[in-house]
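Colleague: Protein chains in written order, with the working numbering: chain A, 1 to 116; chain B, 1 to 119; chain C, 1 to 308.
Keep in mind that a hint or two might mislead.
Claimed, not checked - Label pairs and their computed distance ranges (CB to CB):
#1 Q21/A to Q259/C: 55 to 61 Å
#2 G181/C to G20/B: 44 to 50 Å
#3 K284/C to E110/B: 30 to 36 Å
#4 P43/A to S91/C: 47 to 53 Å
#5 G20/B to H178/C: 52 to 58 Å
#6 K75/A to H105/C: 45 to 51 Å
#7 A15/B to P266/C: 24 to 30 Å
Hints are computed from structural coordinates only; laboratory data are not their basis. We treat Cβ as the ideally placed atom computed from N, Cα and C, and that holds for glycine.
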Amino acid sequence: MKLREIIETLQATIVVNSHDQEMAVELACGSDLMSDVLSRLKPDALLLTGLITPQSVYTAEMADVRVVCYVRGKKPEAETVRLAEERGLVLLSTTLPMYESCGRLYRKGLKGVSET
Amino acid sequence: MTRTLKEIVEALKLAVSTRGDLLSSRTVTGGYAGDMLSDVLAHARKGQVWVTLQTHTNIVAVASSKELCGIIVVNGRTPEAATLQKAEQEHIPILVSPLSSYDVVARLCELGVTNREGV
Amino acid sequence: MKDSNVNGTLQIARTQEMIYELRVQQAMTKQVITVEPENTMADVSRVLGENRHSGMPVMKGEEMVGIVSVEDLVRSFREGNSSQPVKQWMSKNVTTLYADEPLVHAVQKFERHGYGRFPVIDRKTKRLVGILTKVDIIRCLLQHLEIDFQDLEIRRYIPREWFSELDCDRATLSLRYHIDGANFEKAGEVSSKLKRNLQTLGLAPDVVRRIAIASFEAELNLVIFTEGGELAARVEPGRVTVTVVDNGPGIPDVELAMQPGYSTAPDWVRELGFGAGMGLPNIKNCTNELKLESKVGEGTKLQFTVFT
Ligand SMILES: Nc1ncnc2c1ncn2[C@@H]1O[C@H](COP(=O)(O)OP(=O)(O)OP(=O)(O)O)[C@@H](O)[C@H]1O
Ligand SMILES: [Mg+2]
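One chain only, chain A, in its complex shape (with noise of 0.2 Å):
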């Protein structure tokens, strides 16, 4: 799925980015928790998170993963902000809860990490 469609179905809001919108995201991992998302998320998925701490940030970069996505109205912190800008990751936010989001994402045809 390409980034410009994920940011169209959950309306999310553009807080960083530094990525054509062309760039294609293959697979996508919802979680609080960074250590599980270490745990089975692939290179070039998505994120979603409610976690905005620079954490959030550090687990991306740790994990080759370029875009992160707060859910539910969540505004990541200044200095989260700030590591993606320097890392030139894509973080997005939309109002829409957790379970939304993973649904609608789902029916658009994003796959997730236990399919693989």
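With chain A fixed as given, assemble chains B and C with the ligands onto it according to the hints.
Modeller: Relative to chain A, chains B and C with the ligands alone:
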């Protein structure tokens, strides 16, 4: 469309970790996904089924105080014995799926179990 | 590292200080371009430009009488003119290194003085035998690793902090970091730095990713459960080994701690995104070798290796 927990267990092939007799009487009004107890306490609604990877006993206290209809533990994690014991006492069914949160929610949505808040 | 024990933060520091073993003469450039005191600043400008250097020693016969740098050149252009002699603009107090000094002294001097280069002299004869820049040091370390590099890449990549993290011996390169306990704001910073440095060394993306994830998990455990400690990565041909040591409280049952889902983290930690009990299992999955030793009341030593 409202579903009972029993229908969901069957459709998603969930393992039932607590007594099974409550399942057919529990109607599911929607779903909530989250791993932070504060978040669930603040935003989950009565009657929703809660999808989480947490297995700690505190999940039962949260589900019980928010009157959630049940908990689906993801990633095939084994709920702690103390959690199951407390769940029996509080009549909170605990179900387990080998899938990730994202995939469990995806399937619940396909069954018509939604969460329309913030939409 | 063989002999370091569980409460051996200092032990790691000692055994990892292999930069002590390498001498200045192994890293320095032996062909030194020099000028004479009577040369003009225009000459200096031309020679520095031609050689893409930023400074050079001033020699009167066999004797070094000063050093002249780009900064001096700029000053002379601004305040004087380019036909004036070098001796009028050079710095006369030259800080030098001895050829047989350990490289760590050079590293310390670079940090202390902020100069771009040091002339190297022989301890007995006091004659100029070479010149040492930070690029020379990094080049030397990388050559010991037999890693190909582009001169330009290295020139671009000399942030001070990276430089100060470097240790080395003849065959390996070590990166060492301190991890603060209980400092959530910075939790992840060390692994982030490590990851970028491994990328710079040209290791395969998958290898770097696995080391990064394992290091991040170890770093977070130190932040959450301990008062802090040290993380050291040792890069050698064929493998990268990371050793993480803290001074307590220790793990009562290591086997139990390794089980997926086992966690003693309190709720506030879970509110900050950790405590799934997946950290140690993740480290195991990402690495080729893993050793976890712990003594309650003393500390924990975690060591893992990824084959490259
Ligand atoms: N360096 C350490 N010192 C003391 N105890 C530790 C240390 N590392 C791990 N532990 C103990 O081992 C347990 C399991 O660690 P692990 O990293 O697998 O999970 P966690 O840190 O609790 O959660 P997660 O890593 O998923 O965020 C911890 O809960 C803690 O009790
Ligand atoms: Mg951990």
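Colleague: Look at each hint and say if it fits the structure.
Modeller: Now for the hints, and whether the structure bears them out:
At about 42 Å, the beta-carbon gap between Q21/A and Q259/C misses the expected band of 55 to 61 Å. Distance hint check: the CB atoms of G181/C and G20/B are about 46 Å apart, consistent with the given range 44 to 50 Å. At roughly 35 Å, the beta carbons of K284/C and E110/B sit within the given window of 30 to 36 Å. For P43/A paired with S91/C, a C-beta distance near 51 Å keeps the hint of 47 to 53 Å intact.
In this structure the supplied range 52 to 58 Å holds for G20/B paired with H178/C, their Cβ-Cβ distance being about 53 Å. Roughly 49 Å separates the CB atoms of K75/A and H105/C, a value that falls within the hinted 45 to 51 Å. Restraint check, A15/B to P266/C: a C-beta distance of roughly 28 Å satisfies the suggested window 24 to 30 Å.
Going down the numbered hints, you'll see the structure goes against just number 1.
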